[in-house]
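Make the full structure from the sequences, and use the hints.
Quick note, the sequences are listed as chains A and B, same order.
Residues in the first sequence are numbered from 1 upward in steps of one, following UniProt numbering.
Residues in the second sequence are numbered from 1 upward in steps of one, following UniProt numbering.
Since the hints were derived computationally from the structure, they do not count as laboratory data.
Being a predicted model, the structure only gives us computed values, none of them experimental.
One should not assume that every hint holds.
Cut-off 30 Å, straight-line C-alpha distance, at most; resulting in silico cross-link-like pairs (DSSO-like, lysine-lysine) [unchecked claim]:
| hint | chain 1 | residue 1 | chain 2 | residue 2 |
| --- | --- | --- | --- | --- |
| 1 | B | 128 | A | 9 |
| 2 | A | 284 | A | 9 |
| 3 | B | 410 | B | 306 |
| 4 | A | 128 | B | 404 |
| 5 | A | 94 | A | 255 |
| 6 | A | 94 | A | 404 |
| 7 | A | 9 | B | 9 |
| 8 | A | 284 | A | 324 |
| 9 | B | 255 | A | 9 |
| 10 | A | 449 | A | 202 |
| 11 | B | 410 | B | 255 |
| 12 | A | 94 | A | 9 |
| 13 | B | 284 | B | 306 |
| 14 | B | 324 | B | 306 |
| 15 | A | 284 | A | 449 |
| 16 | A | 284 | A | 410 |
| 17 | B | 128 | A | 94 |
| 18 | B | 128 | B | 94 |
| 19 | B | 404 | A | 255 |
| 20 | B | 94 | B | 404 |
| 21 | B | 284 | A | 404 |
| 22 | B | 255 | B | 128 |
| 23 | B | 94 | A | 128 |
| 24 | B | 9 | A | 128 |
| 25 | B | 9 | A | 255 |
| 26 | B | 306 | B | 128 |
| 27 | B | 9 | B | 410 |
| 28 | B | 324 | B | 284 |
| 29 | B | 449 | B | 324 |
So the derived label-pair ranges between C-beta atoms look like this [what the hints assert, rightly or not]:
| hint | chain 1 | residue 1 | chain 2 | residue 2 | range |
| --- | --- | --- | --- | --- | --- |
| 30 | B | 258 | A | 288 | 37 to 47 Å |
| 31 | B | 442 | A | 97 | 54 to 64 Å |
| 32 | A | 69 | B | 256 | 24 to 34 Å |
Glycine included, each C-beta is placed from N, C-alpha and C at the ideal position.
2 protein chains.
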Amino acid sequence: MVTMSEPTKILLDESEMPRRWYNVVADLPSPPPPVLHPGTLQPVGPDDLAPLFPMDLILQEVTTDRYVDIPEDVLDVYRLWRPSPLYRAHRLEKALGTPAKIFYKYEGVSPAGSHKPNTAVPQAYYNKEAGVRRLTTETGAGQWGTALAFACAQYGLDCEVWQVRASYDQKPYRKIMIETFGGVVHPSPSELTAAGRAVLAKDPDSPGSLGIAISEAVEVAAQNPDTNYALGSVLNHVLLHQTVIGEECLAQFAKVGLAPDLIVGCTGGGSNFGGLAFPFLREKLAGRMDVTIRAVEPASCPSLTKGVYAYDFGDTAGMTPLMKMHTLGHDFIPDPIHAGGLRYHGMSPLLSHIYELGLIDAVAKTQRECFEAGVRFARTEGIVPAPEPTHALAACIEEALSCKETGEQKVILTALCGHGHLDLTAYAAYLEGTLVDHEYSAEVTGLPKVPA
Amino acid sequence: MVTMSEPTKILLDESEMPRRWYNVVADLPSPPPPVLHPGTLQPVGPDDLAPLFPMDLILQEVTTDRYVDIPEDVLDVYRLWRPSPLYRAHRLEKALGTPAKIFYKYEGVSPAGSHKPNTAVPQAYYNKEAGVRRLTTETGAGQWGTALAFACAQYGLDCEVWQVRASYDQKPYRKIMIETFGGVVHPSPSELTAAGRAVLAKDPDSPGSLGIAISEAVEVAAQNPDTNYALGSVLNHVLLHQTVIGEECLAQFAKVGLAPDLIVGCTGGGSNFGGLAFPFLREKLAGRMDVTIRAVEPASCPSLTKGVYAYDFGDTAGMTPLMKMHTLGHDFIPDPIHAGGLRYHGMSPLLSHIYELGLIDAVAKTQRECFEAGVRFARTEGIVPAPEPTHALAACIEEALSCKETGEQKVILTALCGHGHLDLTAYAAYLEGTLVDHEYSAEVTGLPKVPA
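What follows is the structure, given as structure tokens:
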């Protein structure tokens with residue numbers, strides 16, 4: 001029997017749900033570099049973004065206020081799954097024989113099965129308030145498209161998702177889930193846009209890419225006054241919305257009188273990691289908490305550990321504003337690893353800035369080590385994790401085993417940002433031994449020229 | 001905005017988790033008829049069942065004690081997901097425009113995604129305590145195989161699952177999830193058993209059936225002293241274990257000072273329905289609660305509403321003891337509806353007895369009405385339900401719309417026994433308009449002759 005001093009699940013009442021998002025920019029020793037217009041190389045203003053986003057979100061993108069109130073109507077939808085549980089991993093600890101205390105904050109209880117609805121819901125809400133009738137977006141692994149379709153259903157908005165062709169063909173369940181929530185899914189490249197037709201004219205069998213799918217969704221939004229575009233990671237307002245995760249977690253640790261010594265989370269665009277870490281970073285910056293915060297990325301797409309810190313485009317085609325971030329180059333095509341949510345050439349500019357300030361560290365993990373951790377976790381804790389958070393679990397287990405050597409009773413907090421119910425074919429590949437590790441070995445090329 | 005007097009989720013602490021299972025047999029006005037040996041037609045004794053089950057479970061099968069203590073080690077695993085949430089369906093109510101108050105008890109938070117682990121865990125525990133090394137079972141839709149594989153992983157038992165060939169080929173995700181938890185899956189019919197080989201000799205391309213898969217799993221258990229067999233529904237001890245659902249629900253309603261006027265749950269073998277309903281039935285029999293309890297079954301497999309109440313075999317091949325139950329005949333082959341968990345020719349003998357006593361009523365629903373309810377539920381409440389509980393949701397929505405006509409503020413409790421993440425192809429068929437309704441039109445034949 002597993003003996004426990006803390007309960008397995010540390011829960012909050014709905015009345016204890018955070019009522020405002022936290023903006024870490026207000027507490028940083030220096031502000032992040034501005035986003036630049038790709039033509040003028042001058043900082044972009046609100047008007048530059050207005051064709052794609054409602055003004056409320058544009059203002060959140062640039063605000064320096066420490067807190068932003070969460071609208072009541074958004075809180076009302078959050079209540080369907082929030083506050084999410086903080087688990088003590090008693091059974092994993094026992095299996096590892098570690099004196100470390102392992103906690104995981106589980107976002108898989110949401111309608112989409114990940115943290116993505118935390119920002120999809122407010123994005124849909126502010127667009128609805130601005131009179132928008134339809135949202136477009138891209139999706140790769142499918143989590144973001146599912147979250148936005150669910151959010152649009154709550155506010156009576158139409159939702160159109162361009163899903164990367166390869167993923168559209170390989171992950172039919174994600175498409176069905178988006179349709180069940182009322183969304184419309186197009187394989188990308190599609191005949192519906194100039195961007196898509198141009199790609200298909202050159203290669204009718206194109207498997208697509210996230211970059212192409214972004215171009216298609218942005219094109220439709222830019223050309224239709226009643227239509228806006230929504231992005232699921234990278235941007236400041238997305239990370240802002242995700243801070244409900246960390247705020248809840250702080251309240252949950254307070255309930256058991258503990259604080260983490262180490263936080264590990266996976267990073268693709270950075271929203272799950274930032275959402276958990278930023279409220280803890282506030283406590284660290286204020287001297288109220290001594291905590292190490294560690295980003296874990298795939299060895300095949302290591303933007304923080306092997307990228308350069310430079311201005312680059314957010315998409316492959318080079319249509320977006322220029323953002324200063326850790327990047328592998330916007331023309332870098334990541335290997336087809338199973339953690340689709342981590343296949344992005346760049347890192348959130350805000351998170352990149354924080355990394356440059358030395359406030360977080362970063363490591364990279366290979367696929368097989370990650371899936372080994374995922375299977376170990378499933379068999380002890382009962383949750384099959386999405387491929388993305390297995391990266392955090394691998395780093396967590398590594399640290400817990402190190403504590404076994406040293407005898408340290410470290411408190412480790414892991415971001416378990418989603419379940420893997422719709423990613424099971426990746427587990428099959430791991431269990432059959434056909435999963436291949438890809439190491440990054442490219443050089444960063446093709447960066448746009450920006451004067452210092 | 002949705003205005004609410006109750007919170008969206010009514011939660012219990014782990015300290016409020018029930019510590020004993022409730023045995024409804026103790027409170028019924030008459031005992032259920034005995035189970036008979038198919039050869040002697042005499043009531044079966046514990047020794048007849050000993051080759052397949054550990055004595056603790058055999059004693060639970062026949063006990064007349066009102067309560068059975070839940071072992072601490074089982075409680076410890078239950079804590080991974082229990083107590084499960086009771087939801088108030090504010091957003092569904094608003095979409096329907098009903099004055100009814102709709103609640104749903106959600107079992108999809110478990111490791112397998114359904115109520116099945118509530119009994120898989122104690123079954124694995126008692127077998128481990130009895131020195132058993134391996135459990136065998138059959139699985140159709142895959143929920144039960146997943147639950148047993150998870151439970152066996154908790155106690156270090158091997159788990160072998162015979163999955164109906166058609167389901168094995170059509171639902172690869174279920175097989176992968178079982179393997180991720182460490183289970184071994186065989187398509188049934190298999191070359192591993194005499195029963196399987198006999199079927200394959202006649203038809204090498206046999207799609208299999210639940211009856212054949214049961215025969216294979218039972219054969220392996222009966223022939224190996226270190227191996228037992230586990231069943232996921234129908235039997236008394238299975239329904240006993242599931243009563244944690246209803247006991248939690250009673251405590252949750254007490255927190256908000258309400259009680260249900262109507263309980264609706266889907267019935268296949270009866271374990272989800274019995275688990276929720278029996279504790280409420282205790283309150284009703286004691287005169288402490290006035291509640292209507294309604295079973296909802298598929299129109300294509302309507303054992304309660306169109307079957308006969310008679311002694312019949314539990315499996316298609318006629319190998320099991322004879323049980324008095326509502327049956328469509330053990331040779332009845334249900335149409336291939338998507339709610340695989342409801343495709344069973346008979347109903348739990350205990351639930352059948354209770355139905356005969358007039359303590360519950362029953363209705364049948366067609367597939368399309370059920371999926372329409374499931375999609376409506378997903379778009380408002382954010383959870384994509386498994387095909388099985390969409391039957392309960394269809395009956396719930398029907399009642400809520402009737403309340404809209406009459407103005408009644410009925411409190412309706414729905415058993416939402418699992419999510420549909422691994423059943424999304426059924427939603428695709430519904431959304432594409434290719435789902436076909438099957439009505440039952442057979443006559444019950446082939447019942448064994450048992451003197452009155």
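Evaluation of the provided hints:
A distance of roughly 26 Å separates the Cα atoms of residue 128(B) and residue 9(A); the hinted pair therefore holds under the 30 Å criterion. As the CA atoms of residue 284(A) and residue 9(A) are separated by approximately 25 Å, the hinted pair is consistent with the 30 Å bound. In summary, the hint linking residue 410(B) to residue 306(B) is supported, as the alpha carbons are separated by about 28 Å, within the 30 Å threshold. Pair hint residue 128(A) plus residue 404(B) holds up; C-alpha atoms about 29 Å apart against a cutoff of 30 Å.
For a cut-off of 30 Å, the pair hint linking residue 94(A) to residue 255(A) stands: about 23 Å separates their Cα positions. Proposed proximity of residue 94(A) and residue 404(A) is supported: the alpha carbons are some 11 Å apart, at most 30 Å. Straight-line distance between C-alpha atoms of residue 9(A) and residue 9(B) comes to about 16 Å, which keeps the hinted pair within the 30 Å bound. As the CA atoms of residue 284(A) and residue 324(A) are separated by approximately 25 Å, the hinted pair is consistent with the 30 Å bound.
Proposed proximity of residue 255(B) and residue 9(A) is supported: the alpha carbons are some 20 Å apart, at most 30 Å. Taken as a hint, the residue 449(A) and residue 202(A) pair is honoured in the structure, with Cα atoms around 28 Å apart against an allowance of 30 Å. About 18 Å separates the Cα atoms of residue 410(B) and residue 255(B), which keeps this hinted pair within 30 Å; it holds. Of the pairs offered as hints, the one joining residue 94(A) and residue 9(A) holds, with about 16 Å between alpha carbons and a cut-off of 30 Å not exceeded.
The hinted pair formed by residue 284(B) and residue 306(B) meets the criterion: a straight-line CA distance of about 26 Å does not exceed 30 Å. Our distance criterion of 30 Å between C-alpha atoms is met by residue 324(B) and residue 306(B), whose separation comes to about 15 Å. Among the hinted pairs, residue 284(A) with residue 449(A) is inconsistent with the structure: their alpha-carbon atoms are about 36 Å apart, more than 30 Å. As the CA atoms of residue 284(A) and residue 410(A) are separated by approximately 17 Å, the hinted pair is consistent with the 30 Å bound.
About 19 Å separates the Cα atoms of residue 128(B) and residue 94(A), which keeps this hinted pair within 30 Å; it holds. As the CA atoms of residue 128(B) and residue 94(B) are separated by approximately 48 Å, the hinted pair breaks the 30 Å bound. Simply put, residue 404(B) and residue 255(A) have alpha-carbon atoms about 43 Å apart, too far for the 30 Å limit, and the pair is violated. At roughly 11 Å between alpha-carbon atoms, residue 94(B) and residue 404(B) fall within 30 Å of each other, so this suggested pair holds.
Distance check on the hinted pair: residue 284(B) and residue 404(A) sit about 54 Å apart at the alpha-carbon level, beyond 30 Å; violated. Between residue 255(B) and residue 128(B) the CA atoms are separated by roughly 37 Å; this puts the pair beyond 30 Å, and the hint is violated. The straight-line distance between the Cα atoms of residue 94(B) and residue 128(A) is roughly 19 Å, inside the 30 Å bound, and the hint therefore holds. A C-alpha spacing of about 26 Å is found between residue 9(B) and residue 128(A), which places the hinted pair at or below 30 Å, so the restraint holds.
Between residue 9(B) and residue 255(A) the CA atoms are separated by roughly 20 Å; this keeps the pair inside 30 Å, and the hint holds. Between residue 306(B) and residue 128(B), the direct Cα distance comes to roughly 40 Å. Violation of the 30 Å bound is thereby established for this hinted pair. Between residue 9(B) and residue 410(B) the alpha-carbon distance is near 19 Å, which keeps this suggested pair within the 30 Å criterion. As the CA atoms of residue 324(B) and residue 284(B) are separated by approximately 25 Å, the hinted pair is consistent with the 30 Å bound.
Using a Cα cut-off of 30 Å, the hinted pair residue 449(B) and residue 324(B) holds, with the two alpha carbons roughly 12 Å apart. In this structure the hint that residue 258(B) and residue 288(A) lie 37 to 47 Å apart at CB holds, the actual value being about 42 Å. Distance hint check: the CB atoms of residue 442(B) and residue 97(A) are about 58 Å apart, consistent with the given range 54 to 64 Å. In this structure, residue 69(A) and residue 256(B) meet the distance hint of 24 to 34 Å, their C-beta atoms being roughly 28 Å apart.
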